[in-house]
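Asker: Using the sequences and the accompanying hints, generate a full structural model.
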Amino acid sequence: MNVLLQVGALFFLMAIGYLLGIKKLIEGNAIRGMSNLIVKATLPALVLMSLQKPFSADLLAQSLQTLLVASLFYIAIIGLSLLVSRALYPNNKTGAPGAAAFSLAFSNAAFVGFPVITSIMGEGSLFLASIHNILFNVLAFSVGILMIAADRTGGAASAESRSAARIPLKRIFNINVVSALLGFLFFFFSIAIPQAIALPLTMLGSMTTPLAMIVTGAMLSRTPLGAVMGDWRLYAVSAVRLAAWPLLTAIALRAAGVSGELYLISIIIAGMPAASNTSLLAEVYGGDSKTASSIVFMTTLLSVITIPVMGVLLSR
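The sequence shown runs contiguously to residue 316 in UniProt numbering.
Just so you know, the hints here were simulated from the structure itself, not pulled from any lab data. The C-beta atom is built at its ideal place from N, Cα and C for all residues, glycine as well. No false leads were mixed into what you were given.
So the derived label-pair ranges between C-beta atoms look like this:
{"id": "1", "residue 1": "Ala61", "residue 2": "Ala15", "range": "38 to 48 Å"}
{"id": "2", "residue 1": "Gly79", "residue 2": "Leu181", "range": "24 to 34 Å"}
{"id": "3", "residue 1": "Gln195", "residue 2": "Val309", "range": "35 to 45 Å"}
{"id": "4", "residue 1": "Ile251", "residue 2": "Leu5", "range": "22 to 32 Å"}
Derived DSS-like pairs (lysine-lysine); straight-line CA-CA distance at most 27 Å:
{"id": "5", "residue 1": "Lys24", "residue 2": "Lys290"}
{"id": "6", "residue 1": "Lys23", "residue 2": "Lys290"}
{"id": "7", "residue 1": "Lys24", "residue 2": "Lys40"}
{"id": "8", "residue 1": "Lys290", "residue 2": "Lys40"}
{"id": "9", "residue 1": "Lys40", "residue 2": "Lys53"}
Answerer: Take a look at the structure:
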(Lines of atoms letter the chains of each structure in order from A and count residues from 1; the text may use other names and numbers.)
(Lines give C-alpha, C1' and ligand atoms only; values in the text may rest on other atoms or scores of the structure.)
Protein backbone atom coordinates (compact mmCIF):
# COMPACT_ATOMS: atom_id res chain seq x y z
CA MET A 1 0.00 0.00 0.00
CA ASN A 2 2.94 2.33 0.69
CA VAL A 3 4.05 2.05 -2.95
CA LEU A 4 0.53 2.85 -4.12
CA LEU A 5 0.50 5.93 -1.89
CA GLN A 6 3.89 7.03 -3.20
CA VAL A 7 2.89 6.64 -6.85
CA GLY A 8 -0.50 8.21 -6.08
CA ALA A 9 1.31 11.24 -4.69
CA LEU A 10 3.17 11.62 -7.99
CA PHE A 11 -0.05 11.73 -9.95
CA PHE A 12 -1.64 14.07 -7.43
CA LEU A 13 1.19 16.46 -8.26
CA MET A 14 0.53 15.85 -11.96
CA ALA A 15 -3.14 16.71 -11.39
CA ILE A 16 -2.08 19.95 -9.70
CA GLY A 17 0.07 20.76 -12.74
CA TYR A 18 -2.86 19.98 -15.04
CA LEU A 19 -5.19 22.32 -13.11
CA LEU A 20 -2.55 25.05 -13.06
CA GLY A 21 -2.23 24.66 -16.82
CA ILE A 22 -6.00 24.74 -17.36
CA LYS A 23 -6.23 27.92 -15.25
CA LYS A 24 -3.36 29.46 -17.28
CA LEU A 25 -1.27 29.86 -14.15
CA ILE A 26 1.47 27.87 -15.88
CA GLU A 27 1.67 28.66 -19.59
CA GLY A 28 4.01 28.01 -22.51
CA ASN A 29 7.01 30.09 -21.45
CA ALA A 30 6.75 28.92 -17.85
CA ILE A 31 6.52 25.27 -18.93
CA ARG A 32 9.59 25.64 -21.15
CA GLY A 33 11.47 27.44 -18.39
CA MET A 34 10.62 24.83 -15.75
CA SER A 35 11.47 22.02 -18.19
CA ASN A 36 14.89 23.58 -18.78
CA LEU A 37 15.36 23.99 -15.03
CA ILE A 38 14.68 20.28 -14.52
CA VAL A 39 16.69 18.94 -17.46
CA LYS A 40 19.67 21.28 -17.07
CA ALA A 41 19.87 21.78 -13.31
CA THR A 42 17.81 19.68 -10.90
CA LEU A 43 18.07 16.35 -12.77
CA PRO A 44 21.87 16.57 -13.30
CA ALA A 45 22.24 17.36 -9.60
CA LEU A 46 20.06 14.37 -8.71
CA VAL A 47 22.07 12.08 -11.00
CA LEU A 48 25.43 13.30 -9.70
CA MET A 49 24.49 12.94 -6.03
CA SER A 50 22.89 9.52 -6.60
CA LEU A 51 26.32 8.27 -7.68
CA GLN A 52 28.04 9.50 -4.51
CA LYS A 53 28.75 6.06 -3.08
CA PRO A 54 31.98 4.54 -1.74
CA PHE A 55 33.68 2.33 -4.31
CA SER A 56 33.12 -1.39 -4.05
CA ALA A 57 33.83 -4.23 -6.43
CA ASP A 58 30.20 -5.35 -6.08
CA LEU A 59 28.80 -1.96 -7.19
CA LEU A 60 31.27 -1.83 -10.08
CA ALA A 61 30.13 -5.27 -11.23
CA GLN A 62 26.49 -4.13 -10.97
CA SER A 63 27.30 -1.03 -13.04
CA LEU A 64 28.93 -3.06 -15.81
CA GLN A 65 26.04 -5.53 -15.77
CA THR A 66 23.61 -2.59 -16.03
CA LEU A 67 25.42 -1.21 -19.09
CA LEU A 68 25.34 -4.64 -20.73
CA VAL A 69 21.64 -5.20 -20.00
CA ALA A 70 20.78 -1.65 -21.10
CA SER A 71 22.66 -2.17 -24.38
CA LEU A 72 20.82 -5.40 -25.15
CA PHE A 73 17.54 -3.83 -24.02
CA TYR A 74 17.82 -0.93 -26.48
CA ILE A 75 19.03 -3.11 -29.35
CA ALA A 76 15.96 -5.32 -28.94
CA ILE A 77 13.45 -2.55 -28.34
CA ILE A 78 14.67 -0.42 -31.27
CA GLY A 79 14.37 -3.38 -33.63
CA LEU A 80 10.89 -4.29 -32.38
CA SER A 81 9.78 -0.64 -32.46
CA LEU A 82 10.73 -0.31 -36.13
CA LEU A 83 8.67 -3.41 -36.97
CA VAL A 84 5.61 -2.32 -34.96
CA SER A 85 5.67 1.25 -36.30
CA ARG A 86 5.80 0.02 -39.91
CA ALA A 87 2.81 -2.24 -39.25
CA LEU A 88 0.77 0.56 -37.67
CA TYR A 89 1.83 3.31 -40.07
CA PRO A 90 2.37 1.62 -43.46
CA ASN A 91 2.35 4.95 -45.31
CA ASN A 92 2.75 8.63 -44.48
CA LYS A 93 -0.98 9.27 -45.07
CA THR A 94 -1.82 7.58 -41.79
CA GLY A 95 1.11 9.02 -39.85
CA ALA A 96 4.88 8.87 -39.75
CA PRO A 97 6.50 5.52 -38.88
CA GLY A 98 9.74 7.20 -37.79
CA ALA A 99 8.07 9.32 -35.11
CA ALA A 100 6.10 6.29 -33.92
CA ALA A 101 9.22 4.12 -33.84
CA PHE A 102 11.10 6.70 -31.74
CA SER A 103 8.14 6.95 -29.35
CA LEU A 104 8.09 3.18 -28.93
CA ALA A 105 11.85 2.81 -28.56
CA PHE A 106 12.58 5.64 -26.13
CA SER A 107 10.56 6.20 -22.98
CA ASN A 108 10.43 9.13 -20.60
CA ALA A 109 13.14 7.38 -18.61
CA ALA A 110 14.39 10.28 -16.50
CA PHE A 111 11.70 12.97 -16.45
CA VAL A 112 8.95 10.57 -15.27
CA GLY A 113 10.92 7.34 -14.83
CA PHE A 114 13.28 8.56 -12.10
CA PRO A 115 10.47 9.84 -9.84
CA VAL A 116 8.61 6.55 -10.31
CA ILE A 117 11.75 4.50 -9.60
CA THR A 118 12.37 6.57 -6.47
CA SER A 119 8.79 6.11 -5.28
CA ILE A 120 8.80 2.34 -5.82
CA MET A 121 12.39 1.45 -4.91
CA GLY A 122 13.85 4.37 -2.95
CA GLU A 123 16.56 6.89 -3.81
CA GLY A 124 19.33 4.29 -3.52
CA SER A 125 18.15 2.73 -6.79
CA LEU A 126 19.01 5.90 -8.73
CA PHE A 127 22.66 4.79 -8.85
CA LEU A 128 21.91 2.00 -11.33
CA ALA A 129 19.08 3.99 -12.97
CA SER A 130 21.58 6.75 -13.82
CA ILE A 131 23.98 4.21 -15.33
CA HIS A 132 21.11 2.70 -17.37
CA ASN A 133 20.11 6.17 -18.61
CA ILE A 134 23.52 6.79 -20.21
CA LEU A 135 22.52 4.43 -23.03
CA PHE A 136 19.25 6.31 -23.52
CA ASN A 137 21.02 9.62 -24.06
CA VAL A 138 23.62 8.20 -26.42
CA LEU A 139 21.12 6.28 -28.58
CA ALA A 140 18.18 8.72 -28.53
CA PHE A 141 20.35 11.49 -29.92
CA SER A 142 22.08 9.33 -32.53
CA VAL A 143 20.02 6.36 -33.74
CA GLY A 144 16.83 8.11 -32.63
CA ILE A 145 17.51 11.16 -34.79
CA LEU A 146 18.09 8.92 -37.82
CA MET A 147 14.76 7.18 -37.14
CA ILE A 148 12.84 10.46 -37.00
CA ALA A 149 14.61 12.13 -39.93
CA ALA A 150 13.78 9.17 -42.21
CA ASP A 151 10.18 10.46 -42.31
CA ARG A 152 11.27 13.42 -44.43
CA THR A 153 11.70 11.36 -47.57
CA GLY A 154 10.20 8.01 -46.67
CA GLY A 155 13.65 6.66 -45.92
CA ALA A 156 15.37 7.88 -49.09
CA ALA A 157 19.00 8.79 -48.57
CA SER A 158 18.88 12.23 -50.17
CA ALA A 159 21.30 15.02 -49.36
CA GLU A 160 18.49 16.87 -47.58
CA SER A 161 17.63 13.92 -45.33
CA ARG A 162 21.29 13.27 -44.55
CA SER A 163 21.65 16.91 -43.58
CA ALA A 164 18.56 16.73 -41.38
CA ALA A 165 19.85 13.61 -39.69
CA ARG A 166 23.23 15.08 -38.79
CA ILE A 167 23.91 13.86 -35.26
CA PRO A 168 24.67 16.66 -32.76
CA LEU A 169 27.46 15.50 -30.45
CA LYS A 170 26.60 18.20 -27.92
CA ARG A 171 23.18 16.59 -27.50
CA ILE A 172 24.68 13.13 -26.98
CA PHE A 173 27.11 14.46 -24.39
CA ASN A 174 24.53 16.64 -22.67
CA ILE A 175 24.72 17.75 -19.06
CA ASN A 176 22.91 14.64 -17.79
CA VAL A 177 25.36 12.29 -19.50
CA VAL A 178 28.27 14.40 -18.26
CA SER A 179 26.82 14.29 -14.72
CA ALA A 180 26.48 10.49 -14.91
CA LEU A 181 30.01 10.02 -16.26
CA LEU A 182 31.47 12.46 -13.74
CA GLY A 183 29.54 10.80 -10.93
CA PHE A 184 30.77 7.38 -12.04
CA LEU A 185 34.39 8.63 -12.02
CA PHE A 186 33.88 10.03 -8.52
CA PHE A 187 32.50 6.64 -7.48
CA PHE A 188 35.33 4.71 -9.13
CA PHE A 189 38.05 6.83 -7.49
CA SER A 190 36.10 7.24 -4.21
CA ILE A 191 36.03 11.04 -4.52
CA ALA A 192 33.60 12.60 -2.07
CA ILE A 193 32.07 15.96 -2.97
CA PRO A 194 32.72 18.45 -0.13
CA GLN A 195 29.72 18.89 2.16
CA ALA A 196 29.49 22.61 1.40
CA ILE A 197 28.77 21.69 -2.25
CA ALA A 198 27.03 18.37 -1.69
CA LEU A 199 24.29 19.83 0.53
CA PRO A 200 23.01 22.44 -1.97
CA LEU A 201 23.30 19.91 -4.82
CA THR A 202 21.22 17.43 -2.80
CA MET A 203 18.62 20.10 -2.13
CA LEU A 204 18.57 21.04 -5.82
CA GLY A 205 18.20 17.41 -6.89
CA SER A 206 15.33 16.85 -4.45
CA MET A 207 13.26 19.36 -6.45
CA THR A 208 13.26 17.08 -9.51
CA THR A 209 10.37 14.78 -8.62
CA PRO A 210 7.71 17.36 -7.66
CA LEU A 211 8.70 19.77 -10.44
CA ALA A 212 8.75 17.04 -13.09
CA MET A 213 5.27 15.81 -12.25
CA ILE A 214 3.79 19.33 -12.09
CA VAL A 215 5.32 20.21 -15.47
CA THR A 216 4.09 16.95 -17.00
CA GLY A 217 0.56 17.76 -15.85
CA ALA A 218 0.82 21.27 -17.25
CA MET A 219 1.99 19.84 -20.58
CA LEU A 220 -1.05 17.56 -20.74
CA SER A 221 -3.37 20.54 -20.25
CA ARG A 222 -2.15 22.08 -23.53
CA THR A 223 -3.44 19.29 -25.82
CA PRO A 224 -7.20 19.16 -26.59
CA LEU A 225 -8.52 15.68 -25.75
CA GLY A 226 -10.75 15.58 -28.83
CA ALA A 227 -7.79 16.00 -31.15
CA VAL A 228 -6.31 12.60 -30.32
CA MET A 229 -9.08 10.44 -28.85
CA GLY A 230 -10.41 9.23 -32.20
CA ASP A 231 -7.22 7.67 -33.63
CA TRP A 232 -7.06 3.93 -32.84
CA ARG A 233 -3.35 3.82 -33.72
CA LEU A 234 -2.55 6.00 -30.71
CA TYR A 235 -4.22 3.45 -28.43
CA ALA A 236 -2.26 0.66 -30.12
CA VAL A 237 1.04 2.49 -29.69
CA SER A 238 0.14 3.23 -26.05
CA ALA A 239 -0.70 -0.43 -25.38
CA VAL A 240 2.68 -1.50 -26.74
CA ARG A 241 4.60 1.30 -25.01
CA LEU A 242 2.94 0.96 -21.60
CA ALA A 243 2.02 -2.74 -21.38
CA ALA A 244 3.68 -4.95 -23.99
CA TRP A 245 7.22 -3.63 -23.54
CA PRO A 246 7.42 -4.00 -19.73
CA LEU A 247 5.85 -7.46 -19.98
CA LEU A 248 8.31 -8.62 -22.66
CA THR A 249 11.19 -7.04 -20.71
CA ALA A 250 10.17 -8.94 -17.56
CA ILE A 251 9.97 -12.24 -19.46
CA ALA A 252 13.34 -11.72 -21.19
CA LEU A 253 15.14 -10.69 -17.99
CA ARG A 254 13.71 -13.61 -16.05
CA ALA A 255 14.85 -15.98 -18.80
CA ALA A 256 18.32 -14.42 -18.65
CA GLY A 257 18.50 -14.77 -14.88
CA VAL A 258 18.51 -11.01 -14.16
CA SER A 259 16.93 -10.08 -10.84
CA GLY A 260 16.99 -7.47 -8.09
CA GLU A 261 17.25 -3.73 -8.69
CA LEU A 262 18.33 -4.04 -12.31
CA TYR A 263 15.31 -6.20 -13.10
CA LEU A 264 12.89 -3.68 -11.57
CA ILE A 265 14.61 -0.62 -13.06
CA SER A 266 14.56 -2.10 -16.57
CA ILE A 267 10.85 -2.95 -16.33
CA ILE A 268 9.94 0.50 -15.03
CA ILE A 269 11.90 2.25 -17.79
CA ALA A 270 10.31 -0.04 -20.39
CA GLY A 271 6.82 0.89 -19.15
CA MET A 272 7.16 4.66 -19.05
CA PRO A 273 5.30 6.94 -21.53
CA ALA A 274 7.02 8.13 -24.70
CA ALA A 275 10.00 10.43 -24.24
CA SER A 276 8.93 14.06 -23.83
CA ASN A 277 11.55 15.20 -26.37
CA THR A 278 9.96 13.11 -29.16
CA SER A 279 7.96 16.02 -30.58
CA LEU A 280 10.89 18.43 -30.16
CA LEU A 281 13.24 16.20 -32.15
CA ALA A 282 10.55 15.63 -34.79
CA GLU A 283 10.17 19.40 -35.15
CA VAL A 284 13.92 20.00 -35.40
CA TYR A 285 14.79 17.11 -37.72
CA GLY A 286 11.86 17.19 -40.12
CA GLY A 287 9.77 14.38 -38.69
CA ASP A 288 6.02 14.29 -38.13
CA SER A 289 5.67 16.47 -35.03
CA LYS A 290 1.88 16.06 -34.97
CA THR A 291 2.09 12.26 -34.70
CA ALA A 292 4.92 12.58 -32.18
CA SER A 293 3.02 15.06 -29.98
CA SER A 294 -0.14 12.95 -30.08
CA ILE A 295 1.73 9.81 -29.00
CA VAL A 296 3.50 11.64 -26.15
CA PHE A 297 0.16 13.01 -24.96
CA MET A 298 -1.73 9.72 -25.18
CA THR A 299 0.95 7.57 -23.54
CA THR A 300 1.45 10.11 -20.73
CA LEU A 301 -2.30 10.35 -20.16
CA LEU A 302 -2.80 6.57 -20.03
CA SER A 303 0.26 6.12 -17.81
CA VAL A 304 -1.86 7.64 -15.05
CA ILE A 305 -3.55 4.22 -15.01
CA THR A 306 -0.69 1.88 -15.92
CA ILE A 307 2.06 3.20 -13.64
CA PRO A 308 0.13 2.71 -10.35
CA VAL A 309 -0.78 -0.81 -11.51
CA MET A 310 2.89 -1.47 -12.30
CA GLY A 311 3.91 -0.09 -8.92
CA VAL A 312 1.60 -2.46 -7.05
CA LEU A 313 2.66 -5.50 -9.12
CA LEU A 314 6.40 -4.80 -8.75
CA SER A 315 6.14 -4.24 -5.01
CA ARG A 316 4.87 -7.78 -4.42
